[in-house]
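Chain by chain, the residues:
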Amino acid sequence: MIAEIGHYALTLAFFVALAQTAVPLYGAARRDRALMAFAGPAASAQFLLIAISFGALTHAYLTSDFSVANVAENSHSLKPLLYKISGVWGNHEGSMLFWVLILALFGFAVAAFGSQLPDSLKARVISIQGMIGLAFLAFILLTSNPFERLDPAPLDGRDLNPLLQDPGLAFHPPMLYVGYVGFSLAFSFAMAALIEGKVDPAWARWVRPWTLGAWTFLTAGITLGSWWAYYELGWGGWWFWDPVENASFMPWLAGTALLHSAIVVEKRDALKAWTILLAIVTFSLSLMGTFLVRSGILTSVHAFAVDPERGLFILGILIVAVGGSLTLFAVRAPALKASGLFAPVSREGGLVLNNLILSVATATVFIGTLYPLFLDAMTGDKVSVGAPFFNATFVPVMIPLLVLLALGPLLPWKRGNLRVAVEKLWVSALFTVVVAGGILVLSDEAPLAPVLGFGFAAWVAGGVVTELAERIRLFRIPVGESLRRLVKLPGAAYGMSLAHIGIAIFICGATGETNWTRELVVVAKPGDSMTLGQYELVLDDLSRIQGPNYYSDTATLSVTKNGEPFAVLDPERRLYPVQQMPTTEAAIRSGIAGDLYVAIGEGNAADGIIVRVWVKPLVPWIWAGAMIMVLGGLFSLSDRRLRVGAPKRSAKRPGGPAVAEGAD
Amino acid sequence: MIRHSILGLVLICLTLPVLAVEPAEMLKDPALEARARELSKEVRCLVCQNQSIDDSNAGLAKDLRVLLRERLVAGDSDAEIKEFLVERYGDFVLLKPPVKASTYVLWYGPLAVGVLGAIGVAVFLLRRRGGKAEDVAPAPLSDEEQRRIAALLDEQDRKA
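Chains C and H, in that order, are what the protein sequence lines are.
Read in order, the letters of the first sequence are residues 1 to 664 in the numbering used here.
Read in order, the letters of the second sequence are residues 1 to 160 in the numbering used here.
Careful: at least some of the hints might be erroneous.
What the hints assert, rightly or not - Taking lysine to any residue and the SDA-like style, the derived pairs with C-alpha atoms no more than 20 Å apart in a straight line are: (1) K41/H x T517/C; (2) K41/H x D242/C; (3) K414/C x L125/H; (4) K382/C x L125/H; (5) K41/H x F240/C; (6) K382/C x L60/H.
Unchecked claim - Using C-beta positions, here's what the derived DEER-type ranges look like: (7) P23/H x I5/C: 45 to 51 Å; (8) P167/C x G59/H: 52 to 58 Å; (9) D528/C x G59/H: 25 to 31 Å.
No wet-lab data here; the hints were simulated from the structure.
Quick reminder that beta carbons are idealized off the backbone N, C-alpha and C, glycines included.
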């Protein structure tokens, strides 16, 4: 019964989306306030209905209602509670339902928090948001109904893929989805602005926090996915340039570019058409990612051809969305007049260059991900494009961006002097030379990659510190005064510094892991010992343990570092009997200097088991750097200048803005 | 159904990774073994999705690892081994495709985007600098905006 309510609510949501699309759009064209005012309640109703539907599916999972086909295929009565919940979005149908839930949530957010938006803009944004919802609700209802019943119901379910039964992956999809579905709002704002024929700094002030929010979640989502791959897949890699990863990385790159170009629109009233185009491209890449992942085209072009229904449907949505938005752009963009003038050497100029490089980077990933599919479909030729290709192409593209990253923020708006800015970077240059020189002296073999990697990280970090020092006029005014300025810096300034320093930290981690990882693979029996670098590991014991829905072979290793007791590690090999699938659970001891990573393979006490040991220097810096970028996003979001509604609220309170800020 | 079996195949590749490069396969000569490892990172496990034979545990990946080491011991150069693999399995076996007519777009596409983009940016920046002031005057405010400004100013006056 509850499943039927869910299905019914979803169908109803489709019709609400239909009205949400048509009525406000028509109302805005007619300047009819009553019709425009329909947008808000419609968006709220749509969110409510989809939330009911999602709640119904969650209920079916929690109660293990195996008469619902989706639950029977992806759950099991013995599965731990967390994975019963995460199982809701751990499959095709449920994840699409989750997709529209987030979409509707963003539409609802505009309705709820957009009271400061001009009526017509608000109506149009919500209408476009409804249009996207309409397409995906139709997709779910027609091709991917999560509420389909089974008769007779099976006694138990087929369980969730054990690889997905992991806390990291339970939260990875929601983060990722909030991220790339969040870009839908930038898209809706762009479409609405094109229809209105007007883009101004106020528009950018509304768009930027939403884009920033989406970007922050996407960054966190990608990081979580990478971390999961690192500890769960059991061979210590953290980024594979897999098409599925690229599908989320492309919107991230384009979204990063969008974030920067929106600043120029907001502060300088320039780059309008380009920013609109980026908003379209960013969300189109999100849609394309959904298509790539959901159509099955990645596993093989032929698998797609055999069962093309879902794939073609999303492809249709993609074509209509991209084609429609670009057509609208072509027609209306020439009408967008820019007012802000600037010289090539200026903050604006730097941000244009940032956008150029990020666009080329996006194109590199795009071509690398899609070209093999294209070639196969056109000629039947098969090529593989894997990590070695991307390392050879993507990394060089990003290097100029790192050089620019230190310089750009030091350039003033409108017109700058390159020499003055470069001279400010002397501390940064010195730091770079010291770090690169230090690496050169310390490393004994093939030092070029680490020298470059740490050198650029030092350059970026130095640039961030220099920019901050300039901002607070360090050593030019009394230090106390500088500190006072530091404390009073706006959230957005902290946000930028944190996000940029996060990149430097990330580069250190990536460089350290890639160049300095050491590995040991041995067959060991209980009592055997092995040595890698400063570590000595002794295999103490092998035992079989019974988990809630799996068996586990657990090895116990005691580790000493330079002869001192260091850790006891217990890597596992699990077998999930329902799916007849083994997984590895690596044992990792993390520290600021790096990880000691141990995983075991098949075997038994008598013949020995395969033990793999890695020492991975600086690995935690990869995720720390990314999380600092997320923190930067949050800081920037907390900047009250970004929240358009804030001045009005604070004006009503006595005591002025300072008090209101604390109370917010 | 087909989708399921392919997914199954992919998952087999993913889940037994610890078996990738077993101790028994490794060569005695550490320099040769290091070359083998580097080389295997560029060779695709043909039955897996986007995995090198260095990472994969699939039977075929193991066969390729052993084969690759046999060629190394026989004294082949890295290029010769790649050539040998491509002859048997096609370009598909290399994770970094060779540069040739059918992959020009792949290799030079990003470069073309970069060059075209750079030209576009250069033209844009130079025009921007030479633009006349009247071309870029801010759009006049609409009636509604005028009203809102008036309302905001009123509100401020009242507060003061």
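Tested hints:
Between K41/H and T517/C, the direct Cα distance comes to roughly 15 Å. Compliance with the 20 Å bound is thereby established for this hinted pair. The straight-line distance between the Cα atoms of K41/H and D242/C is roughly 14 Å, inside the 20 Å bound, and the hint therefore holds. Between K414/C and L125/H, the direct Cα distance comes to roughly 12 Å. Compliance with the 20 Å bound is thereby established for this hinted pair. A C-alpha spacing of about 42 Å is found between K382/C and L125/H, which places the hinted pair above 20 Å, so the restraint is violated.
For the given pair, K41/H sits about 11 Å from F240/C by alpha-carbon distance, which is consistent with the 20 Å threshold. The suggested pairing of K382/C with L60/H holds, with an alpha-carbon distance near 18 Å, which does not exceed 20 Å. A hinted range of 45 to 51 Å for the beta carbons of P23/H and I5/C is inconsistent with their spacing of about 58 Å. At about 32 Å, the CB distance of P167/C to G59/H disagrees with the hint of 52 to 58 Å.
The beta-carbon spacing between D528/C and G59/H, approximately 27 Å, falls within the hinted interval of 25 to 31 Å.
Hint compliance for this structure: hints 4, 7 and 8 are broken, all remaining hints hold.
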